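Participant: Single-letter residue listing:
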Amino acid sequence: MEKTAVFKGKFLPYLLLVPQLVITLVFFYWPASQAVWQSFLREDAFGLNSEFIGLENYQALLAQPEYYKSMVTTLVFSSLVAALSLSIALLFATQADKNLKAAPTFKVMMIWPYAVAPAVAGVLWLFIFHPSLGTMARPLRLMGFNWNPMLNGNHAMALVVMAAVWKQIAYNFLFFLAGLQAIPRSVLEAGAIDGAGPYRRFWTITFPLLSPTTFFLLVVNVVYVFFDTFGIIDAVTGGGPAGATTTMVYKVYADGRLGGDLGGSAAQSVILMVIVIALTAIQFRYVERKVQY
Amino acid sequence: MANVSLRNVRKTYPGGFEAIKGIDFEIGDGQFCVLVGPSGCGKSTLLRMVAGLETVTSGEVDIGGRVVNEIEPADRDIAMVFQNYALYPHMSVYNNMAYGLRNRGMPKPEIDTRVREAAQTLELAGMLDRKPRQLSGGQRQRVAMGRAIVRQPKVFLFDEPLSNLDAKLRVAMRVEIRKLQRRLKTTSIYVTHDQLEAMTLADILVVMNGGQVEQIGSPLDIYRKPATTFVASFIGAPPMNLIRLSGDEIRAQFAGDSRSAAETGILGVRPEDLAISSEATADGGITLNLTVEAIERVGAETFVYGTRARAEKAVSATPGELPEGEVIVRIPGQDAPAIGASIRATAPRDKLHLFSADGRNRIDI
Ligand SMILES: Nc1ncnc2c1ncn2[C@@H]1O[C@H](COP(=O)(O)OP(=O)(O)O)[C@@H](O)[C@H]1O
Ligand SMILES: [Mg+2]
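Going down the list, the sequences are from chains F and R. Per UniProt numbering, the first sequence runs over residues 1 to 293. Per UniProt numbering, the second sequence runs over residues 1 to 365.
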């Protein structure tokens with residue numbers, strides 16, 4: 001009796017927390033702290049010796065013009081992908097919501113891209129838009145458009161944005177559709193009687209009522225663009241041409257894996273981590289305050 | 001200011017269900033019309049057709065002399081109060097009321113005047129900055145009313161606006177709505193399944209059943225002369241006692257004249273028209289010999305549930321259906337016979353109702 005009482009009161013709660021804590025420690029804090037530690041070391045190319053060099057890796061990084069370029073690239077890439085995937089998904093969701101009979105079919109069709117691995121999605125889009133092999137390349141060229149993502153940085157960016165957006169739309173669509181369906185019909189009917197046309201109804205009623213969903217998706221999408229689009233970039237452009245599609249996360253990989261600069265790469269991941277945490281915190285603090293009801 | 005006319009209005013939902021099977025009636029300018037009927041009889045459907053939220057399959061909806069079948073809800077000059085209030089959750093009380101005026105491009109000062117006036121009337125003046133979720137059920141209901149009255153429309157439409165309130169508040173708001181409508185003199189259509197609400201609010205009462213009109217008239221006319229057994233048992237609480245005459249010994253007492261309807265029809269008598277008495281029944285009245293089964297004391301009145309010694313078939317008429325042979329007697333005060341006692345309940349001839357055997361027609365006696 002006494003034993004169980006003690007166990008119940010003290011150990012059981014902690015015991016039940018253990019799996020969760022272990023998972024967090026092993027899969028997040030441990031690699032994260034490794035990265036932080038690594039970023040203070042210089043390792044030789046063969047990984048045999050390492051020496052502690054303090055902030056030198058960071059100094060070297062911040063002296064590199066390419067690093068700032070990758071920041072700008074990331075900014076352009078992530079704004080484009082987040083804005084496009086959210087707005088296109090919202091457009092689809094409003095259409096599906098209007099036609100509830102077709103919505104289930106639409107949903108199933110929409111979810112397919114999400115089940116495709118990022119690298120595979122990249123390859124698919126590359127096939128379609130490859131300058132010499134792609135099915136779309138010829139029509140584009142016939143229209144007098146000199147399409148070549150292998151040489152033109154803007155074309156390359158457009159291609160990875162398309163692939164990344166295509167993959168993310170499904171996810172956003174499902175959440176938007178659920179959000180739309182949660183808005184009581186009668187509220188929109190009241191709006192119609194109150195003299196608001198469909199367009200005005202959308203912006204003054206639907207969109208504000210959808211803002212919790214939009215906010216959630218914004219956070220998810222930003223994290224997605226920062227990390228998960230790596231596979232797409234790797235498969236489609238490999239960061240090129242001339243670094244035009246080298247985002248921050250891709251540069252971590254390129255410098256560490258391909259360039260062998262583990263310390264510099266670790267410093268970049270630490271900075272990236274800090275940026276994402278800061279962005280998420282800002283979103284929660286400021287955007288959520290504007291989220292209606 | 002407007003009349004509302006429905007001319008042979010029908011509604012078939014996609015899927016083939018015919019919810020409204022041809023309805024005709026006219027509501028005069030400034031009148032308060034109540035649509036009453038059991039749940040699922042098509043009241044909301046009919047109201048939503050007037051609002052323009054449902055298409056009209058056939059027939060004509062006419063507001064103020066203009067057929068509005070093809071006209072958008074916004075352009076029909078109506079305002080509607082929904083059962084769940086349908087307030088805009090992200091807008092303040094003020095903006096909820098101002099929204100419809102802004103959409104119509106009314107100048108700001110006038111919007112402000114109207115909203116504040118409505119808030120004054122509805123005792124919402126101190127709550128204009130609150131969001132709907134910060135209000136009680138009764139206050140939300142008043143905001144929904146406010147949103148309708150600031151527009152000063154030709155017609156108010158109400159879809160069970162009080163059914164989400166507790167009983168006390170419901171009575172209070174019922175009185176408020178009636179006073180407000182009398183003052184504004186705006187033509188109104190009010191949907192409810194509550195016969196008491198219907199009786200107390202209506203200038204014209206429309207009793208509906210299964211997508212059709214059972215009876216139209218003033219509430220008291222309908223109470224005094226229900227056209228069918230359905231209306232007889234729906235209007236009035238507790239419902240009218242209905243007794244099938246064929247093969248019943250009561251026929252002998254009642255059918256002084258030997259008309260055939262009286263042989264096979266249905267006899268109705270309201271619980272409040274029966275009295276417990278040992279005196280002889282006046283000529284042409286009826287006497288029911290009952291065994292008391294149950295007593296309900298409500299305070300001012302008492303309901304006595306009795307069964308007749310010789311069980312005749314009671315009429316199955318939903319709603320207000322009684323078990324076979326059961327009769328309700330309403331007596332004033334709290335003095336009631338003991339359970340198990342035998343009593344005589346009597347009613348004079350002028351309080352009796354006679355219907356055809358199928359319950360569809362009233363027969364004057
Ligand atoms: N959108 C719809 N599609 C198909 N049937 C409907 C629809 N709306 C209501 N109905 C049916 O029409 C009938 C009348 O509904 P309604 O007008 O809401 O009744 P009430 O308001 O009197 O309770 C019901 O049987 C209901 O099931
Ligand atoms: Mg209804």
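Check the hints yourself; a few may be wrong.
Claimed, not checked - Derived coverage of chain F by chain R (criterion: at least 3 residues anywhere in the stretch with Cβ under 8 Å from a Cβ of chain R; other residues may be distant):
(1) 130–140
(2) 156–169
(3) 190–197
To be verified - Derived lysine-lysine pairs resembling DSS-like cross-links, with alpha carbons at most 30 Å apart:
(4) Lys154/R <-> Lys131/R
(5) Lys131/R <-> Lys98/F
(6) Lys21/R <-> Lys101/F
(7) Lys179/R <-> Lys154/R
(8) Lys108/R <-> Lys168/R
(9) Lys98/F <-> Lys108/R
(10) Lys168/R <-> Lys185/R
(11) Lys108/R <-> Lys179/R
(12) Lys131/R <-> Lys179/R
Everything labelled a hint here was simulated from the structure, so no lab data went into it. Everything numeric in this text was worked out from a predicted model, so none of it was measured. The beta carbon of each residue, even a glycine, is placed where N, CA and C say it ideally should be.
Participant: Each of the hints needs a verdict: does it hold here or not?
Facilitator: Hints versus structure:
Given as covered by chain R, the stretch 130–140 of chain F fails the check, having 0 residues with a CB less than 8 Å from a CB of that chain where 3 are the minimum. Given as covered by chain R, the stretch 156–169 of chain F fails the check, having 0 residues with a CB less than 8 Å from a CB of that chain where 3 are the minimum. With 8 residues having a Cβ less than 8 Å from any Cβ of chain R, the stretch 190–197 of chain F passes the three-residue criterion, so the hint holds. Distance restraint check for Lys154/R and Lys131/R: the Cα-Cα separation of roughly 28 Å lies within the 30 Å cut-off, and the hinted pair is therefore satisfied.
A threshold of 30 Å between alpha carbons decides the hint, and for Lys131/R with Lys98/F the separation of about 28 Å falls inside it, so the pair holds. As the CA atoms of Lys21/R and Lys101/F are separated by approximately 26 Å, the hinted pair is consistent with the 30 Å bound. A threshold of 30 Å between alpha carbons decides the hint, and for Lys179/R with Lys154/R the separation of about 17 Å falls inside it, so the pair holds. For a cut-off of 30 Å, the pair hint linking Lys108/R to Lys168/R is broken: about 37 Å separates their Cα positions.
For the hint linking Lys98/F to Lys108/R, the alpha-carbon distance of about 34 Å lies beyond 30 Å, and the restraint is violated. Restraint check: the Cα-Cα separation between Lys168/R and Lys185/R comes to about 26 Å, which is no more than 30 Å; the hinted pair holds. At roughly 29 Å between alpha-carbon atoms, Lys108/R and Lys179/R fall within 30 Å of each other, so this suggested pair holds. Under the criterion of a C-alpha separation no larger than 30 Å, the hint pairing Lys131/R with Lys179/R is consistent with the structure, at around 27 Å.
Violated hints for the displayed structure, listed by number in ascending order: 1, 2, 8 and 9.
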